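Dock the two chains into a complex; use the hints.
The residues making up each chain are set out below.
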Amino acid sequence: MLRPLIVAALAAALLLPVLFRRQRRRAGLRAGALTPKFRKRLVITMVLSVLMLVVGLVGIAGADNGDSNGATTGISKTEVNAVVVPGRTQNATDHAQSAVIAHDHLAINFEWLMIGGVLVLFMQAGFALVETGFTRAKNAAHTMMMNLVIFALGVVGWFTVGYALMFGSVSNPGLGITSLASGAHIGDWQLISHSGFFLAGRAYDVGILAFFFFQLVFMDATATIPTGAMAERFHFKGFIFWGLFASMILYPVYGNWVWGGGWLSQLGVLGPKWGHGALDFAGSGVVHAMGGVAAFWGAKILGPRIGKFDKDGNPRAIPGHHLPMAFLGTFVLLVGWMGFNGASTFAATDFRFTIVIVNTILASAFGCLTTMFVMWWKYGKPDPSMTCNGLLAGLVAITAPCAFVAPWAACVIGTVAGVLVVLTVVWMDHKAKVDDPVGAVAVHGANGLWGVIALGLFADGTYGNGFNGVAGNVKGLFYGDVSQLWAQLTSAVTLVIWCSLACLLFFTILKRAGILRSSEAAEIAGLDMPEMGALAYPDFLEAQGSVFYSTGHNGFVELEPSDARSTREEVGAS
Amino acid sequence: MKRVEAIIRPERLGEVASALEGAGLHGFTISDVRGHGRAPEKTGEYRGNAYEMLVSHKLLVALFVEDDEVDKALGAIASGAVTGQVGDGLVAVSEVVSMYRISGAITGS
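Chain order of the listed sequences is A and B. So the mapping is simple: the working numbering equals the position in the first sequence, first residue as 1, plus 3. So the mapping is simple: the working numbering equals the position in the second sequence, first residue as 1, plus 51.
Chain B on its own, in the form it takes in the complex (with noise of 0.2 Å):
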């Protein structure tokens, strides 16, 4: 069992999950996160000072897959989530020890 994580663009999670969704792996989870990271943050001026901004808007995308769903998984989330530029994210992998489902039944590993 893996936990696969990736940090994308905001407006790229249409088509990470149809993308994910076509690969045959269901659900997922979201949360919105901000950093920073190699891509140069927005500057801004307001009355004639100028700001920038210390970080920008990501979502992070955390879904569990078994094992052999690996590669499925992070073709899905790179082929929905590239554009090309700077700051389209990255995908990390790691292990989990076990996962239960709530409802009762036990699958792991």
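The shape of chain A in the complex, shown without the other chains (with noise of 0.2 Å):
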């Protein structure tokens, strides 16, 4: 009962500060200048600000923790009954042995998840070299600032509110967590978990901070999504927000739905009872899909980069500056995307995991390959910048399926999105006039629809017994449960219902306030020198916006002698 007051104290704390700030802004006063009424009520300010810190540390610290040194993680009654052979009356030393057994079994799926997890923290870099090669290099220091700021905003929002709105109520057996609190529920149905904030109290325990940091790397995934589709003209103090606001609400929230036992997961077990509820093994849907249309709405409300569509609408070519650092960013996430979809068995125990493993390296090539012919029997050439992007698409959408279908499935699942990426990248050049320059939504976000889709297709009833509480493993439509599609159908639809209305809102909030685009001068000039303040490049001449080719006839940007001068004056000024 204490934990929304501690919470409360702590933001309240964080909160004050900025308050106080924009009272000596109202009353015209700029930064340095302390009139002694200002100065007065900066010393209250700070006072009460560090008395709410202490309230919220001290509550924090003095709550029941969990089991926070690992002592206990692993032996209770049901963990070792879970490893005892069944109808064998034990004695003491079978007991005392069959508890070594149970911690053994724990600690083997700690490490599998860390390694995973590492794996998938270092998808990170993937992204941010898949984003970076495949833009300007008058932009390259601001789109990787991007990529790594993300990570550390991505980091406090997830610790702080994220991880405890989406796994509050979540309990693992084979990790040994136990629900930290129920969540909300509207009936049998639960909307939201909220237990777990600041990783304080019951949460502060090692198989919760296992799971913690599993989870905070996918969240990180769909969080990075975005930037790339935004890349080299989302301003940086928009994009501040835009961190905050994936990791702590836009996330979380379908993500408890799906993954944290909300009410898309329950399907299979209330109302309709749809096969198995929603499933998404490791995240087509959660993660990646989620980022896709985050980057749709995000581009599209931000309009497309400047040159970018000729005069009649036509979309030209702005081809990105380091295709080798973009190749070297996508064979970082296939690897990464090994402890993506196998280590999110959670359990090394599950030797599933060799399948998922295998199945994902399949649909990866047959994507890649796919695009690749696609594009070459299309425009002549295997166009590089678009094979990567194949290959990822077959990734995005093995990604949910790849625990419950045969390796011939994730064959022809790696085919249909290396089909699928291209043409979602035409129709979003063509038809959406939508500006992706890295081909995020086409990758993420309708792959990521198709792999959620794939699973109530494909999957062979080989895999899933007791998943979302529904026993007997999970069957697709080709294996006689179409019940299962309805359930996977449903959550496509609520995936892209509330992130489209989520994205909507804060975007055109950021729009609003003025922060979400860059100023046109500093676009055109690179977002280098007049957001972040200093080049990528600084030795090569033109790596500082100037351009060598055309994608029409009348040259590239299209520039007013006045546009020029602007552009010089606003980055002479900064």
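None of these hints come from the bench; they were simulated from the model. Keep in mind the model is a prediction, meaning the values are calculated, not measured. Quick reminder that beta carbons are idealized off the backbone N, C-alpha and C, glycines included. Any given hint might turn out to be false.
[What the hints assert, rightly or not] Below 25 Å or equal to it, Euclidean Cα-Cα: the simulated SDA-like pairs (lysine to any residue) are:
1) B:Lys93 x A:Lys43
2) A:Lys43 x A:Gln26
3) A:Lys314 x B:Glu96
4) A:Lys381 x B:Gly99
5) B:Lys93 x A:His98
6) A:Lys314 x B:Asn100
[Stated by the list, open to error] Simulated restraints, written as ranges between beta carbons of each label pair:
7) B:Gly138 x A:Asp315: 30 to 40 Å
8) B:Gly138 x A:Lys384: 18 to 28 Å
9) B:Leu111 x A:Leu508: 55 to 65 Å
Here is the structure:
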């Protein structure tokens, strides 16, 4: 009961200085100028802040902790009984041996989870390289900064709020995790969880922190996907708010519905009793489609980069400045994906993870080849950047079904993904007229949704016993269970509706506040100098915004002389 | 004294250099340049959209020669740089008012 108060005290402690600053600004005071009246208020604010911080931190420190030193995890009666041979009477020695086995059972699971988590963490580097490689040199420092800082922002958002909303009521015997508290319900349907803020109290537990870390890196993947679609024009101030919004609200809410025991996952046991309820093994929907749909709205509300569409609205090529960088990023993502999907069993004792990894590899290869041949056939050359996208598309699509399908189905899913990614890129350019420099919407949005649906088609009834509380293995449409497909479609539609509404609202607010898009002058000059104050490549003149290629007959960017002048002035002034 | 400037294909630099050396002309200066001539520029395709290079990469070779060495220089450059295709480049000769060696000795016309 004390926890909401503690959280409120901490939040107030952080907010008070902000309020004070606003007051000063209203009074027309500049930074540094202090009248006696405001000095008095400053002292009061600081004292209050410190007091509330102390109250909050003491509250957290004094709360009843979980198993913070690992002494009790894995030796509870249920955990030990889980490894005991059924029907055999046990003496004390037997029981002690069983306890050791149970402890080691959890140990190997924790280790697998940590290895997987570190692999997924490294995918941040993959995203950074792909996004920066596919964009222009004059924005390289800005794009890299977004990819680095989104990680840090995500950690803050996930630690303070995100994890509690998404996983506060999740339990997993294989990791020794029990539910912290029941979530908010309407009838039997869970809407959201709300325990484990700041990892305080019972969340201060070895099992929960292992799970926290693994889920943290997944959330960071979602948060970083839209920065690619919005690259080269996303104002850094707006971006800061995006990082917090994504990790605190956008991702945890839908994530709770599918992974945190929420209403979508309950579709199998309540109401229509569709299959196993909404399933998403490693996050085609929860992680990738979420990021992809957010990327679509972000890029749409932001508008295209200057020069992306000519006066008649025809798309132009804006080649990325460093394809080898993007290729390296693609390989990094491929390697990281082994942890992303493989370790999503949460258990090394669940041998299905070998099949998961092979399915993942198969889908990526088929996606890569399909896209390459489609581009070769349609445009005459095996487009390198699209081939990278094709490989990633296969990975995204197999992420939800990877544990439930046979290897041949993984090949089919990857092949469809390879076609889908090309169609979506063409659709974005020619029909939707939304500028997505890196293909995030095509790779993560379209194929994320395809992955969620593919699970409902190809699940072959060999795995998934007990998932979401439903006995029996998961079967898709082609193996005779159409109801699993309904659950998957409901999940996909819900995702699009929730993500679209939340992102429309959020990005519109940023736009109204004037911090969504960089100034035109800054965009033309390249965001590195105006927004970051540093060039990514100071030694290379050509990396500072000049271009040697054309996409039409009129040159590349049509600049009025006044634009060029204002560009110089802005760059010079900042 | 004449200044001989040639715009050549970058990959022919080795041949031009050895032809000049063979003709007894020691020393030249090169610059990286980009330009557009009679040759069609390269076209590319990126994520389904076509684009063309506005300019292509060339080298500008410059050297100073005595008046009676001009023909030798032109011959050496032409023999080294020619491929017979469009885009081989061009050579220009201009008058030099005077030239001084920085190390002190003064030559000139």
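Tested hints:
Of the pairs offered as hints, the one joining Lys93 (chain B) and Lys43 (chain A) is violated, with about 69 Å between alpha carbons and a cut-off of 25 Å exceeded. Proximity of Lys43 (chain A) to Gln26 (chain A) is assessed by CA-CA distance (about 13 Å); at most 25 Å being required, the pair is judged to hold. Among the hinted pairs, Lys314 (chain A) with Glu96 (chain B) is consistent with the structure: their alpha-carbon atoms are about 20 Å apart, no more than 25 Å. For the suggested pair Lys381 (chain A) and Gly99 (chain B), the alpha carbons sit about 9 Å apart, so the restraint of at most 25 Å is met.
Proposed proximity of Lys93 (chain B) and His98 (chain A) is contradicted: the alpha carbons are some 76 Å apart, above 25 Å. Pair hint Lys314 (chain A) plus Asn100 (chain B) holds up; C-alpha atoms about 16 Å apart against a cutoff of 25 Å. Checked against the hint of 30 to 40 Å, the C-beta distance between Gly138 (chain B) and Asp315 (chain A) comes to roughly 32 Å, which is consistent with it. Separation of Gly138 (chain B) from Lys384 (chain A) is about 22 Å and conforms to the stated range, judged on CB atoms against 18 to 28 Å.
Here the CB-CB span from Leu111 (chain B) to Leu508 (chain A) is close to 57 Å, well matched to the stated 55 to 65 Å.
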